[in-house]
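Undergrad: Model the full structure from these sequences, guided by the hints.
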Amino acid sequence: MFNKKFMEELFKPQELYSKKALRTVYDRLAHASIMRLNQASMDKLYDLMTMAFKYQVLLCPRPKDILLVTFNHLDAIKDFIRDSPNILNQVDETFRQLIDMYSCLSAGEFQLIRQTLLIFFQDMHIRVSIFLKDKVQNSNGRFVLPLSGPVPWGTEVPGLIRMFNCNGDEVKRAEFTNGGNYISPQREGSFDLYGDRKLHIKFSIKAENAAPNPLAKEELNFLARLMGGLEIKKPNGSEPGFRLNLFTTDEDEEYAALTRPEELSYKVINIQATQDQQQNEELARIMGEFEVTDQPRQSTSRGDDLLAMMDEL
Amino acid sequence: MYRKERSVPLKSSSSALYNNLSVLPLRDKQLTYFAAVHGSSVSLASAAPGGLSVSHRQLQAKEGGPAGSASIVTQVGGGPAREPRLPPAARSVFTPQMYESDGSIMVYWHALDLGALLQQKPRQEGTSSGLVLVFDVPSKGTNITLSEVLEEHRDSITDITSEDGAADLVTADDSGALCVWKAKEEFSLLTRISAFGWTCSSVKLWNGVIAAGYGNGQIRLYEATGGALRATVSAHARWIYALDLAPLTGKLLSGAEDSYVQIWKLSRSPDTGDIEIEHCHSECVTDTQLCGARFCDPEGNSFAATGYDLSEIVRYGQV
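Each protein sequence line maps, in turn, to chains A and B.
Okay, so the first sequence: first residue is 1 according to UniProt numbering, each after it adds one.
Okay, so the second sequence: first residue is 1 according to UniProt numbering, each after it adds one.
Hints are computed from structural coordinates only; laboratory data are not their basis.
The beta carbon of each residue, even a glycine, is placed where N, CA and C say it ideally should be.
Treat each hint with caution, since some may be false.
Stated by the list, open to error - Just so you have them, the derived chain B footprint on chain A, three or more residues with Cβ under 8 Å:
1) 54 to 62
2) 100 to 109
3) 118 to 127
4) 139 to 148
5) 161 to 170
6) 179 to 189
TA: Now the structure itself:
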């Protein structure tokens, strides 16, 4: 995904993706791995991702913080792949490109970017169980906006009025209560390649759940061995892999697919032949970005654990 | 001081854009028009007093630019002359469009520069290149012509205000710079107020006092003649999106992403001539990042607000 060519395409100035286009890109990204999801689980995963991202964009204290959010994500990715110097380089390169392109934008320009992103997320109110549980989302699907905490870097805590005479001397001061309960910010987050981002929007659903589980790696290894020994049914000639079901049982998954409200269906287009390409230029261009020709595949011998397989994606 | 009144529902939710609410009270018709932008369309609602019997309309920005370019309406404004009309200004397509009050007739479409025009007096609208286009609108007919181009701002215009009856005009831009103009046969620049690092998203003019709202949550008051800074108010904890003034009383209203509408009172000391501002009232619209707020009458006895993703206009009236 951090392939140089793909990143070059992403960094070109372009319009906001349509909802259809983004969903298609997402499908392709997810299926570029060994993961297989059917429609219902894919829908659920996509819902989760969009609502989590909407939450982050909406709650950024100041517009430039959307860059910090991006850096947070990249920091987390670097942590996953720290043993793979190849990919680490690519991610660092992406980091540098982000810094080059976005560091010198003004607050107003960042706000315009944020407003444009918010247009994409407008009217999405899908309820996410973990957000509901943590009370960051209401039962009507809207996010809870805090009225307390540190003000963004560059903003003063509300409450002070200063009045000046025509010479510029301060002649009067007054205070008022604004209604919230705000405090000063501590320090600005770092926009460098490495640094403390100082941004505490809950961004990782996985991380906040539990302390790292030392058994996780063993469990995955065990799963890999089990899978290696199992006969994997190959439905209709698709490649072998494993199928991810985000629901409790297969029946739940089928039921969810049948009962999904019409307005939430994503109407994913499956692009197949060249005639589709001509019909929809935008999607064809995005598809083209996935042509990775210069990525050497590391050979994996049977019995390599699942983590290593995921690393090379 | 103010209590919440019945909300006016909208057919679509409001987008996160500066000054995203226009209110037009028509006293003789006992109706109030509300308009808010949603993407490339404008949601119009007209309500009788008390918020009962609401009727809706949706105006779609027409595509006029290069094929495939999507237009996003950036601001909608209403004015009293002729019949009230609400012209949206499309930022990327650069097409001004104007409608009569019932939304039915498109009066003017000029596929060249961005601009929009209201009213009998020549009026002006900003462009994303920092140019301010002045058009002449006749009291009858559709012969609207470009009369002047004001080139002072280097960044995109965020708001424009003028005082009724006064000859002054103030324009604000994305960098936070303000320009004050005098209007006679032509417009001439009176003063330039420098930016201090934050976008000025909203600006209002009252009795020679400029009130400006900024991205760092601050409201600043300036003298219109000369541009001297007269007051700073740490008003909000987040980006201010809207300001409005009630001309008969000098009440000022500010709405921001921190969910609050704050009501202030401007005055000028008769002895010293110093400008004063005091805080009157706070109102919190729970879990909403406000993007538009306006007084609904010239005394400031009632006001309305809307927010990002909100499909209604919340209203408050003085008790």
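Undergrad: Each of the hints needs a verdict: does it hold here or not?
TA: Now the hints, each set against the structure:
Only residues whose C-beta sits within less than 8 Å of a C-beta in chain B count toward coverage, and the segment 54 to 62 of chain A has 3 of them, enough to reach three; the restraint holds. With a cut-off of 8 Å between beta carbons, the segment 100 to 109 of chain A has 4 residues touching chain B; three or more are needed, and the interface restraint holds. Remark: the segment 118 to 127 of chain A is confirmed as covered by chain B, as 5 of its residues place a Cβ nearer than 8 Å to a Cβ of that chain, reaching the required three. Coverage of the segment 139 to 148 of chain A by chain B holds in this model, with 5 residues showing a Cβ closer than 8 Å to a Cβ of that chain against a need of three.
Given as covered by chain B, the segment 161 to 170 of chain A passes the check, having 7 residues with a CB less than 8 Å from a CB of that chain where 3 are the minimum. With 3 residues having a beta carbon nearer than 8 Å to a beta carbon of chain B, the segment 179 to 189 of chain A meets the requirement of three or more and the stated coverage holds.
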